[in-house]
Amino acid sequence: MLTDALKGNVRDSYAKVKDGLPGFRARPAQLRMIAEVTKALAQPAGAAVIEAPTGTGKSMAYLIAGVEVAKALKKKLLIATATVALQEQLVERDIPLYLKLNGGEAKVALAKGRGRYLCPRNLRMAAGSLGDSGQMGLGFDADLALWSKPPAERDKQVMRKLTDAFDRNEWNGDMDAAPETPGDMLRAMITTSAGGCTGRRCGHFMICPFFAARRAVADADIIVANQDLVLSDLTLSSGEESWGGVFLPKPEETLYVFDEAHHMPGKTIDRGASDVALGFAVRQISRLGRQVHAAYSLTDKEVIGKLTLDVGDEKLQELSDSLEALEKEIRQSWLPDPGETEPMYRGSLGQLPDNWVHHATMLYVASSEIQRWLTAVRRTVTEMSEGGPTQEALSRELGMALERIDRQVRTWRAWSSDDPEHAPPLARWVTMSPDQQLVCHASAVSAGALLRNILWDNASAAVMTSATLSAGGNFRGFADAVGLPDDAITISLPSPFDLTTQARLEVPALSALPDAREQHAQEVTDWLADHLDWDAGNLVLFTSRAKLERVLQRLPIDKVRKVRAQGSLGKTQLIAEHTAAIEAGKGSTLFGLASFGEGLDLPGKLCETVVITQLPFAVPTDPVGATYAEWLESRGRNPFIEVAVPEATRLLTQYCGRLIRSETDRGRIVLLDRRVVTRQYGSQMLKALPPFQRVIERTA
Numbered sequence: 001m002l003t004d005a006l007k008g009n010v011r012d013s014y015a016k017v018k019d020g021l022p023g024f025r026a027r028p029a030q031l032r033m034i035a036e037v038t039k040a041l042a043q044p045a046g047a048a049v050i051e052a053p054t055g056t057g058k059s060m061a062y063l064i065a066g067v068e069v070a071k072a073l074k075k076k077l078l079i080a081t082a083t084v085a086l087q088e089q090l091v092e093r094d095i096p097l098y099l100k101l102n103g104g105e106a107k108v109a110l111a112k113g114r115g116r117y118l119c120p121r122n123l124r125m126a127a128g129s130l131g132d133s134g135q136m137g138l139g140f141d142a143d144l145a146l147w148s149k150p151p152a153e154r155d156k157q158v159m160r161k162l163t164d165a166f167d168r169n170e171w172n173g174d175m176d177a178a179p180e181t182p183g184d185m186l187r188a189m190i191t192t193s194a195g196g197c198t199g200r201r202c203g204h205f206m207i208c209p210f211f212a213a214r215r216a217v218a219d220a221d222i223i224v225a226n227q228d229l230v231l232s233d234l235t236l237s238s239g240e241e242s243w244g245g246v247f248l249p250k251p252e253e254t255l256y257v258f259d260e261a262h263h264m265p266g267k268t269i270d271r272g273a274s275d276v277a278l279g280f281a282v283r284q285i286s287r288l289g290r291q292v293h294a295a296y297s298l299t300d301k302e303v304i305g306k307l308t309l310d311v312g313d314e315k316l317q318e319l320s321d322s323l324e325a326l327e328k329e330i331r332q333s334w335l336p337d338p339g340e341t342e343p344m345y346r347g348s349l350g351q352l353p354d355n356w357v358h359h360a361t362m363l364y365v366a367s368s369e370i371q372r373w374l375t376a377v378r379r380t381v382t383e384m385s386e387g388g389p390t391q392e393a394l395s396r397e398l399g400m401a402l403e404r405i406d407r408q409v410r411t412w413r414a415w416s417s418d419d420p421e422h423a424p425p426l427a428r429w430v431t432m433s434p435d436q437q438l439v440c441h442a443s444a445v446s447a448g449a450l451l452r453n454i455l456w457d458n459a460s461a462a463v464m465t466s467a468t469l470s471a472g473g474n475f476r477g478f479a480d481a482v483g484l485p486d487d488a489i490t491i492s493l494p495s496p497f498d499l500t501t502q503a504r505l506e507v508p509a510l511s512a513l514p515d516a517r518e519q520h521a522q523e524v525t526d527w528l529a530d531h532l533d534w535d536a537g538n539l540v541l542f543t544s545r546a547k548l549e550r551v552l553q554r555l556p557i558d559k560v561r562k563v564r565a566q567g568s569l570g571k572t573q574l575i576a577e578h579t580a581a582i583e584a585g586k587g588s589t590l591f592g593l594a595s596f597g598e599g600l601d602l603p604g605k606l607c608e609t610v611v612i613t614q615l616p617f618a619v620p621t622d623p624v625g626a627t628y629a630e631w632l633e634s635r636g637r638n639p640f641i642e643v644a645v646p647e648a649t650r651l652l653t654q655y656c657g658r659l660i661r662s663e664t665d666r667g668r669i670v671l672l673d674r675r676v677v678t679r680q681y682g683s684q685m686l687k688a689l690p691p692f693q694r695v696i697e698r699t700a
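full-length UniProt numbering puts the sequence shown at residues 1 to 700.
Worth flagging that the hints you see were computed from the coordinates, not collected in a lab. Cβ atoms here follow ideal geometry from the backbone N, Cα and C, with glycine treated the same way. Careful, some of the hints might be misleading.
[Unchecked claim] Think about it this way: if two alpha-carbon atoms lie no more than 25 Å apart in a straight line, the pair counts; the simulated BS3-like pairs of lysine-lysine are: (1) 7 - 107; (2) 7 - 18; (3) 16 - 107; (4) 559 - 547; (5) 156 - 18; (6) 71 - 16; (7) 74 - 315; (8) 100 - 7; (9) 301 - 267; (10) 74 - 39; (11) 107 - 156; (12) 586 - 562; (13) 39 - 315; (14) 18 - 100; (15) 161 - 107; (16) 328 - 301; (17) 328 - 315; (18) 18 - 39; (19) 7 - 71; (20) 571 - 547; (21) 161 - 74; (22) 687 - 586; (23) 161 - 267; (24) 328 - 306; (25) 100 - 16; (26) 71 - 107; (27) 250 - 107; (28) 74 - 100; (29) 71 - 267.
[Unchecked claim] Quick list of simulated restraints, FRET-style, between CB atoms: (30) 570 - 434: 21 to 27 Å; (31) 640 - 558: 26 to 32 Å; (32) 305 - 348: 36 to 42 Å; (33) 417 - 305: 39 to 45 Å.
Sequences are here, hints too, so could you generate the full structure?
So this is what it looks like as structure tokens:
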């Protein structure tokens with residue numbers, strides 16, 4: 001509840017930050033954000049969405065409000081971000097600075113998923129198997145082997161270094177801070193997933209870095225986590241009709257702040273998606289059968305989970321046969337176009353052929369039975385008192401097999417279930433991989449219903465914030481995408497920068513539109529060659545890799561030498577080389593895709609021109625978006641105007657935001673897509689953009 005005492009504490013906290021921070025400048029937008037975050041978090045089930053442009057000082061704003069409200073209500077403050085960079089900034093800089101300026105104390109913890117920590121059990125098993133030249137798996141059957149192929153010499157060296165550092169307490173097991181970076185294969189071997197973890201029954205539980213971090217989280221006042229981890233926790237059942245609080249604090253005891261919240265709709269949809277590669281699933285069942293045989297033998301049990309081994313074998317064979325029957329049915333009824341590079345069959349409005357649904361129904365029943373049985377088998381193995389290395393290997397493998405079976409259960413349930421009458425249908429589709437393997441997919445098309453259930457109706461209070469959440473101040477699209485309660489606060493704060501004088505938006509008089517691929521690529525190339533200042537710092541953004549490469553191939557060689565293209569090197573190295581070139585007085589131009597248009601920070605001379613080659617409309621073949629668009633159309637609504645244009649406008653605003661990062665920055669944004677002039681929706685998009693000076697060239 002928002003009391004006068006709480007308001008006073010927030011004001012005092014702000015005053016301490018203002019007085020203690022050298023060069024602090026009061027910003028009306030930041031003050032407004034502090035007030036609105038305080039109001040939302042102090043209310044039971046409070047909800048707010050706050051658009052806070054670059055320079056607002058939003059992290060300090062939600063810390064000033066959030067810490068004081070959490071303290072007053074005796075709640076936890078959980079800050080969820082989308083990027084590691086912001087998590088590290090909060091934990092290493094912003095939160096310590098806030099606490100120092102306020103003279104306060106708070107326990108702070110950075111929460112990460114299991115895969116971001118060393119698994120001591122897996123490290124010991126991998127290291128112990130190095131001398132086994134046979135199976136590379138401690139002498140066990142190949143189905144329990146850790147090494148899929150003999151380790152390279154570098155893998156051995158890295159593993160020894162990590163083992164020594166961990167044993168000497170010189171490294172806490174955080175993989176992001178490892179003394180030596182392991183390759184992808186080795187990293188997968190020495191970490192674990194939830195399924196592969198045996199928790200308290202593991203012999204290494206007391207020294208496990210993940211559980212040490214979890215204990216720190218349980219004891220913390222302020223928790224910083226990534227959005228994926230928070231969604232993972234919120235989607236886990238903690239009891240009847242209850243969600244979350246499994247490895248993070250209980251939602252009803254937590255105040256949530258989601259920074260970089262424009263990622264939340266997509267991440268939530270991805271969280272609920274599932275898929276099954278049919279051929280791979282059949283092969284895994286064969287491998288699982290051998291592992292189950294080993295489990296019955298090791299435990300010396302005749303019956304586990306009410307099934308004898310013979311009956312269990314029959315159940316596994318039934319599942320395998322059903323998978324092969326579905327694959328045969330799909331191949332007989334769907335003939336992909338040979339010219340398609342990525343063949344896909346998508347069910348219109350999520351509806352699949354009846355025969356496919358019939359097979360999926362049987363698969364749902366069969367996979368659910370296997371899931372229940374396999375859960376009992378793994379529990380029996382895990383609970384053994386004297387199983388030795390074989391027990392550890394089996395527990396790990398059976399746990400990961402359970403994760404794969406769970407994916408099957410979720411996919412076949414989605415394929416065989418009916419959609420609610422007044423809600424968007426699930427997207428259901430099939431793809432064919434380059435090696436001709438069939439993959440069955442299912443996904444929700446909107447995050448709204450799920451977020452209403454697990455977050456807004458569940459949390460003590462929640463705030464979402466980012467630099468771009470609306471389309472020119474209109475929050476309808478984002479509100480629908482996240483299931484925002486009707487009484488939630490929505491605010492678009494003004495930029496603290498004088499964008500009218502600091503930046504200019506140019507729309508050159510190109511004659512080709514992007515749908516004329518070759519002609520537009522040529523005109524983009526010509527404009528860049530003739531009008532870009534190649535001796536300055538520039539950022540050129542593309543909506544597809546194909547167009548980026550097409551333009552790069554056509555540029556004069558003297559210009560190409562000054563281009564640093566995304567994908568040629570790691571992002572960090574590209575930015576470092578770009579920065580070094582600019583500081584040395586040489587020109588440098590970054591060519592990038594969507595990820596360079598969001599979150600990239602290139603202040604001052606590092607970026608004086610941002611070129612946006614094309615409006616960032618979503619790819620129309622995306623099965624999730626296409627299914628949602630069909631559903632909107634079936635209800636007499638216009639998906640292009642309601643979804644595509646607002647989302648493209650939000651992304652365009654994000655891309656424009658790469659230019660002005662401080663009060664002293666100056667530059668221009670060049671949009672090489674005349675649809676903002678020639679199409680009716682274009683004027684809406686231009687109007688929604690920040691108030692840059694505009695220069696729109698006329699065509700002849």
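Going through the earlier hints one by one, which of them does the structure break, listed in rising order? Those not satisfied are hints 5, 7, 9, 11, 13, 15, 16, 21, 22, 23, 24, 29, 31, 33.
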